[in-house]
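J.: These are the residues of each chain, in order.
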Amino acid sequence: MLDKPRESWRAAAVSRRRFLQSTAWTAGAVATGVGSWVIPAPWANAAAPPIKVGIATDLTGAIGYAGNADANVARMLVKEINAAGGVIGRPLELYIEDTASNESVAVPNVQKLIQRDHVDVVLGGITSSMRNAIKDTIVKRGKTLYIYPQLYEGKECESYIYCTGPTPAQQCDEFIPWLIKNGGKRFAFPSANYIWPHVLNAYARKVVEASGGEVVFEEYYPLDQIDYSATVSKIMNEKIDVVFNTVIPPGVGPFFKQLYEAGFGKRGGRLSCVYYDENTLNINEPYEIEGLASCLDYFRAVDKTDPVSARIQAEYEKEFPGKILLAAGSAATGMYRGIKLWAAAVTEAKSVKREAVAPALDHAKISEAPGGPAEMVPGHRHCKMRMYIAVAKGGNYEIEWKSEGLLDPKEC
Amino acid sequence: METALNALFEILSFGAIIVLVVLGLGIIASMMGIFNFAHGEFVLLGAYTTYLVYSWGLPVWLGMLAAPVVLALIGLVLERLAIRRFYAVPIVAMLGTYALGIIIRETVRMLIGGLYISIPAPLVASLVIGGVQLPEWRIAILVITALVMTGSYLLLTRTSFGLRMRAALENPALARASGISTDRIYAISFAFGSALAGLAGALVVPIFSLFADLGLRFLIQGFLAVMLGGVGTFVGPVAGAGIIGVLSAALPWAISPVLADVLVFVIAIVIVKFRPGGLISRGRV
Numbered sequence: 102m103l104d105k106p107r108e109s110w111r112a113a114a115v116s117r118r119r120f121l122q123s124t125a126w127t128a129g130a131v132a133t134g135v136g137s138w139v140i141p142a143p144w145a146n147a148a149a150p151p152i153k154v155g156i157a158t159d160l161t162g163a164i165g166y167a168g169n170a171d172a173n174v175a176r177m178l179v180k181e182i183n184a185a186g187g188v189i190g191r192p193l194e195l196y197i198e199d200t201a202s203n204e205s206v207a208v209p210n211v212q213k214l215i216q217r218d219h220v221d222v223v224l225g226g227i228t229s230s231m232r233n234a235i236k237d238t239i240v241k242r243g244k245t246l247y248i249y250p251q252l253y254e255g256k257e258c259e260s261y262i263y264c265t266g267p268t269p270a271q272q273c274d275e276f277i278p279w280l281i282k283n284g285g286k287r288f289a290f291p292s293a294n295y296i297w298p299h300v301l302n303a304y305a306r307k308v309v310e311a312s313g314g315e316v317v318f319e320e321y322y323p324l325d326q327i328d329y330s331a332t333v334s335k336i337m338n339e340k341i342d343v344v345f346n347t348v349i350p351p352g353v354g355p356f357f358k359q360l361y362e363a364g365f366g367k368r369g370g371r372l373s374c375v376y377y378d379e380n381t382l383n384i385n386e387p388y389e390i391e392g393l394a395s396c397l398d399y400f401r402a403v404d405k406t407d408p409v410s411a412r413i414q415a416e417y418e419k420e421f422p423g424k425i426l427l428a429a430g431s432a433a434t435g436m437y438r439g440i441k442l443w444a445a446a447v448t449e450a451k452s453v454k455r456e457a458v459a460p461a462l463d464h465a466k467i468s469e470a471p472g473g474p475a476e477m478v479p480g481h482r483h484c485k486m487r488m489y490i491a492v493a494k495g496g497n498y499e500i501e502w503k504s505e506g507l508l509d510p511k512e513c
Numbered sequence: 038m039e040t041a042l043n044a045l046f047e048i049l050s051f052g053a054i055i056v057l058v059v060l061g062l063g064i065i066a067s068m069m070g071i072f073n074f075a076h077g078e079f080v081l082l083g084a085y086t087t088y089l090v091y092s093w094g095l096p097v098w099l100g101m102l103a104a105p106v107v108l109a110l111i112g113l114v115l116e117r118l119a120i121r122r123f124y125a126v127p128i129v130a131m132l133g134t135y136a137l138g139i140i141i142r143e144t145v146r147m148l149i150g151g152l153y154i155s156i157p158a159p160l161v162a163s164l165v166i167g168g169v170q171l172p173e174w175r176i177a178i179l180v181i182t183a184l185v186m187t188g189s190y191l192l193l194t195r196t197s198f199g200l201r202m203r204a205a206l207e208n209p210a211l212a213r214a215s216g217i218s219t220d221r222i223y224a225i226s227f228a229f230g231s232a233l234a235g236l237a238g239a240l241v242v243p244i245f246s247l248f249a250d251l252g253l254r255f256l257i258q259g260f261l262a263v264m265l266g267g268v269g270t271f272v273g274p275v276a277g278a279g280i281i282g283v284l285s286a287a288l289p290w291a292i293s294p295v296l297a298d299v300l301v302f303v304i305a306i307v308i309v310k311f312r313p314g315g316l317i318s319r320g321r322v
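Read top to bottom, the protein sequences are chains A and B. In short: position in the first sequence from 1, add 101, done, that's my numbering. In short: position in the second sequence from 1, add 37, done, that's my numbering.
What the hints contain is simulated information worked out from the structure, not anything from laboratory work. Some hints here could point you the wrong way.
Derived list of chain B stretches under chain A, where covered just means 3 residues or more per stretch with a C-beta under 8 Å from a C-beta of chain A [unchecked claim]:
no.	stretch
1	282-294
2	301-310
From the structure, some residues in chain A lie toward chain B, with a derived Cβ separation under 10 Å [claimed, not checked]:
no.	residue
3	Y329
4	V333
5	A363
Think of the CB as a built atom: it goes at the ideal place given N, C-alpha and C, for glycine as much as any other residue.
Next comes chain A alone, as it looks inside the complex (with noise of 0.2 Å):
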């Protein structure tokens, strides 16, 4: 009996400390939001307020290892702008709101970015169905700036949306005569059913037939179809020389391998993808690739010749070793042209505020970034660029072609 009090006093403060510790938890997560994370500037006073950057990304789900990999490079970037002085002597503070690979998901947590952190850009959004999701909420509610980073289908005019990331043109204009020189003319276009492989298909079409060549199927698959065994008998059996591919993962992998198993690369076919980059690369075994080729605006083996790109990627892979690969297919390369583009265009307008940045970020240029300098067309918000052909050799890429300059969009 004596006991008793003791006993009840004992689990009074146990529950006590349980109900602090859940309430901090609560607390936490309140304040930040589940999926968020704040990187605070590293000096701040009331003269020289942060500057808040915002990051809408695909950290989880199905292509967070692209979503991580623009997050570290705008983490990478901020902290070098912040050591360098900032940007109009105010640091940078980073705001990366997790996009989760679902746009259900995404639109509150953007909301978060606009609506509680108030930043004062938003860069972000990978698939075109989340730049979708997500491009109201930042330009029209939230009356802010949004940069897309990702290689996509174009038409993308909306104002006060700037776009980063290369365009069927700058993808298709050079390639795919390549192709036909380095392939063959009858091409065919398994594609995944949604909208990139639907826009960028009818761009590749108009140049490869404008090259002489043929398309002699165009044909598309449920998202996640894994089994493509009548798609090879097709191929095979109409003599297909190039295979423009628009398939994605998780049906690449089990397509690639079924048509090296039918014998497609022996018998001179060549196989194209214009997402493929290094991550892409390990999907399948690299006999089973060997002589893909693909045009994107960077890939590590620029580095051998390009000593910015390799400083670039040694920096990043300094700072986040692993599996998180600064490549181009995943958006990181848009992402660092759109930061290092913004900061121009803030150094130039003297402002953050978005009358301000847009017409100054409507021309912005900057002179390095992975693959080579990149300047805004003015008038179309899209991205002049160099663009390059590798080829997929043992498991690595060989560049094949550099364009001379930079490439334009041709969008709006």
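For chain A, the structure is supplied; the task is to place chain B on it using the hints.
T.: Relative to chain A, chain B alone:
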């Protein structure tokens, strides 16, 4: 002729893969009345085990042998810790195993950095028969599926353990009264089903590569197969799996793949409409 032979092989080979995946799911659903929504993730764990063993520098086939053993152990532990509490409440079992599946999937995603990782097949050559390339590994999967299916069937019909298993399914109270430890039987059945999932994952990973959502696609097809085949027998889900696998692989040869994907479901729903209990809803095995 070549195309027809090629189509036949590809269709059979994909059918075999689906049968292999559904086997474990069907055994757990039929023998224990539990719909294991984490089954796809058990397949994923089988694939991950193979990758792990391979990444240590050991041969792939060793990983494939280890996968069912590891999954049997994981299944056993999970059954003891969580699944056994769900037998009386099938709806809770679905939600519980679904949650378990998410935990496994996201953990694996974290472990592999969300990437897609290629794992080589133990056999990489192709046989050429009548001008058609038949990859040896797909042939191996066909053979292994046939062996596992026969083995499981014999285990259930010809051994005393199989008899006790069926007794525990048909009338648990009577089985217990006859001195059969249904508790143990359930644990072993769950471990066995898990081991089959592990084996399936290990065998298919060289074809589909390792990624966190590997099990998801199979889960949907698996449940469709169980629904179509009927719960309560061993043969039902296997027959259902055969039909779903063959349909999924065969339809894209004839019609647009996007349409084919939908049509598989439509056909399955129509069949279930006329046979609500599934194709084989009554029977001894």
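J.: So which of those numbered hints doesn't the model satisfy?
T.: 2
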